[in-house]
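**Q** Kindly generate the complete structure, drawing on both the sequences and the hints.
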Amino acid sequence: MKLLRFKNMRINLLTQMVLLISVVILISMFVGNYLFTLIVDDILDRYLGNQAMTVAKLAAMNERIIEAFDDEDPSKVIQPIAESIRIATGSSYVVIGNRDGIRYSHYDPHNIGQKMGTSNAPVFYENKSIIYRGSGISGPAIKAKTPIYNKKGELIGVSSVGYVMDEVERRIGEYRDDILRLLLLVFLCGIVGAYLIARRVKKLIFGLEPEEISFLFTEKEAILESIRDAIVAVDMEGRVISMNKRARELLEDDVRVGAKIQNPRVAETIQGITQNMQEEVIHQKILLGHEIFVIDSSPILKENQIKGVVITFRPESEIEQLNTELMRISSFSDNMRAQNHEYLNRLNTIYGLLVLKEYDKVIELISDEVKERQDVIAFLMSSVSEPYIAACLLGKINRSKELKVTLDIDPDSSLTDIPHMINAKALVSILGNVIDNALEASLDLHGTAAAVRVSFTDVGRDLIFEIEDNGPGIPKDLEAKVFESGVSTKPGDNRGLGLAIVKNAIEQLHGQIFLAKSQLGGSRFTIVIPKQ
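Numbering (full-length UniProt numbering), first residue to last: 1 to 532.
Hints were generated in silico from the structure; no laboratory data involved. Don't be surprised by glycine CBs; every beta carbon is placed ideally from N, CA and C. The reader is advised that the hints may include incorrect statements.
[As the list claims (entries may be wrong)] In silico DSS-like links for lysine-lysine, alpha-carbon gap of 25 Å or less: (1) Lys128 with Lys115; (2) Lys260 with Lys220; (3) Lys481 with Lys503; (4) Lys476 with Lys503; (5) Lys307 with Lys220; (6) Lys302 with Lys202; (7) Lys57 with Lys115; (8) Lys203 with Lys220; (9) Lys517 with Lys503; (10) Lys361 with Lys401; (11) Lys425 with Lys531; (12) Lys517 with Lys476; (13) Lys404 with Lys517; (14) Lys76 with Lys151; (15) Lys361 with Lys203; (16) Lys245 with Lys260; (17) Lys531 with Lys503; (18) Lys220 with Lys202; (19) Lys76 with Lys152; (20) Lys76 with Lys57; (21) Lys245 with Lys220; (22) Lys220 with Lys302; (23) Lys203 with Lys260; (24) Lys245 with Lys203.
[Said to hold, decoys possible] Estimated spans, in silico, between C-beta atoms of each pair: (25) Thr89 with Ser22: 37 to 47 Å; (26) Gly173 with Arg133: 17 to 27 Å; (27) Gly153 with Leu58: 15 to 25 Å; (28) Gln305 with Val192: 24 to 34 Å; (29) Val201 with Asp235: 39 to 49 Å; (30) Leu182 with Thr218: 43 to 53 Å; (31) Asp178 with Leu204: 36 to 46 Å; (32) Arg99 with Arg170: 31 to 41 Å; (33) Val201 with Glu507: 48 to 58 Å; (34) Ile377 with Thr406: 15 to 25 Å; (35) Asn345 with Asp412: 24 to 34 Å.
**A** In structure tokens form, the structure reads like this:
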């Protein structure tokens, strides 16, 4: 709803870009036209001025014009020659005058014999040629004047050539019209180009408006900062794209967006991830300070191309804690299900005996059941001081009865000297997983003849547990890697996690686990946990 309100509030980005580029093009057109006018005016002034001077000198050096100055009526000779020069060069006028400024030629014959409209002082008194703008009887014009000398080198007159500004403006107008037509074509092309560019930009930003992008960026930052795990996003060069507060605290260095992470362990891990990145999540472990972190790296994809990596740092202790809690819940659930199933069987049996009026059998069955459970509970209470471990073993006994598997606990076992610093929950996770594996392995091979034996002792400096079964055992080729995540002797998905969890829990307790052949025919796991 917020994004829809953004769209209704303002002109969309596509229209804004087209309008902006159109305004820029229009301003450029006006500025260009103005500069063009200035440049053309300057060029025409110089060009026409130089051309007028060339024509004026051409007339001033014409021998027939020079000789005509000595005639009684010079205009009869000079006028036709001056007009032919004017027509041939495209000048507005070519005027030849004597030292008194009297015209001997003019494009309007009525002006011949009259005094020239502008001063000839620079020509007559300074003996120099000049180019200037001035107004005469023909109106404003670009003019050029140069002296005329006879064969003796005497200054006898002046040659004046001009281009009337009306003609000049007409030419400028023609050029300006051509430029305006060209600019109009550029403007139309610019509008089309602006539209195509705006569409391309809209596509690249997923059709979002600037306000929407700003809102989504703020929203992303808030979400990122609210995540408890450390999260870092990097490009394929290892430069940070974004990171949350937890990541900045964890890395403990001044990491800025656009810079590379300086922590050598993290930098090396990121480099390895970016170089071998696939389109799937990658899990690794890394030691930061005194704590092990699990790294999950996920690719940033754009058009099926990997453009970067999102890396999440999670403390392994938290993961193990979650696994332990899950194991406890799973164990309690199994225990309750096993007990419920067993009680239903017993109740059905008792009901049948009562119907048959076999009251002695009922009493015997109840006595045996009560005695067996009391014996097991009494044994566990006297032999195991840790309630978590005792509850775990009791649950596995109930579970074995449900599966019809014989689970024996060595009556000589004892576990009363457990130091308080040892994590009992980790021990429950270890025993629960190993016993479950033994029950399943023996059941798959022998069915109701399956058997599992458990023994434990706290004599000496270590806690020692042995779990053995009459299952198929571990193949030789898997013994070296059976504790790795995903490795299992059983088919199917989501296998090979139990023993991996066991291995990690034992490492946390600084213990060891050994695998050997059992006297029952299957596998024997020996777990050694040091008391200190």
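**Q** Starting from the hint 48 to 58 Å, judge whether the C-beta atoms of Val201 and Glu507 obey it.
**A** Given range 48 to 58 Å: holds, Cβ gap about 54 Å.
**Q** Given the proposed pairing of Lys531 with Lys503, does the C-alpha separation stay at or below 25 Å?
**A** This hinted pair holds, its Cα atoms lying about 18 Å apart.
**Q** Is it true that the CA of Lys307 sits at most 25 Å from the CA of Lys220?
**A** Measuring from Cα to Cα gives roughly 19 Å; hence the hint holds.
**Q** The hint says 15 to 25 Å between Ile377 and Thr406; measuring C-beta to C-beta, is that right?
**A** Holds: the Cβ-Cβ distance is about 19 Å, inside 15 to 25 Å.
**Q** Are the Cα positions of Lys220 and Lys202 separated by 25 Å at most?
**A** holds (20 Å)
**Q** Can the restraint linking Lys361 and Lys401 be considered satisfied, given a maximum Cα separation of 25 Å?
**A** Given pair Lys361, Lys401 holds - Cα atoms ~21 Å apart, limit 25 Å.
**Q** Mind checking the alpha carbons of Lys203 and Lys260 for me, to see if they're no more than 25 Å apart?
**A** Violated: Lys203 and Lys260 sit about 30 Å apart, past 25 Å.
**Q** When you take the CB atoms of Thr89 and Ser22, is the distance between them in 37 to 47 Å?
**A** holds (45 Å)
**Q** When you take the CB atoms of Val201 and Asp235, is the distance between them in 39 to 49 Å?
**A** Violated, at about 21 Å.
**Q** Indicate whether the distance between the beta carbons of Gly173 and Arg133 respects the range 17 to 27 Å.
**A** Since the Cβ atoms of Gly173 and Arg133 sit about 18 Å apart, the hinted range of 17 to 27 Å holds.
**Q** Assess, step by step, whether the Cα of Lys361 is no farther than 25 Å from the Cα of Lys203, and give holds or violated.
**A** violated (83 Å)
**Q** Between Gly153 and Leu58, does the beta-carbon spacing fit 15 to 25 Å?
**A** Given range 15 to 25 Å: holds, Cβ gap about 19 Å.
Consistency note: the structure conflicts with the earlier hints numbered 15, 23, 24 and 29.
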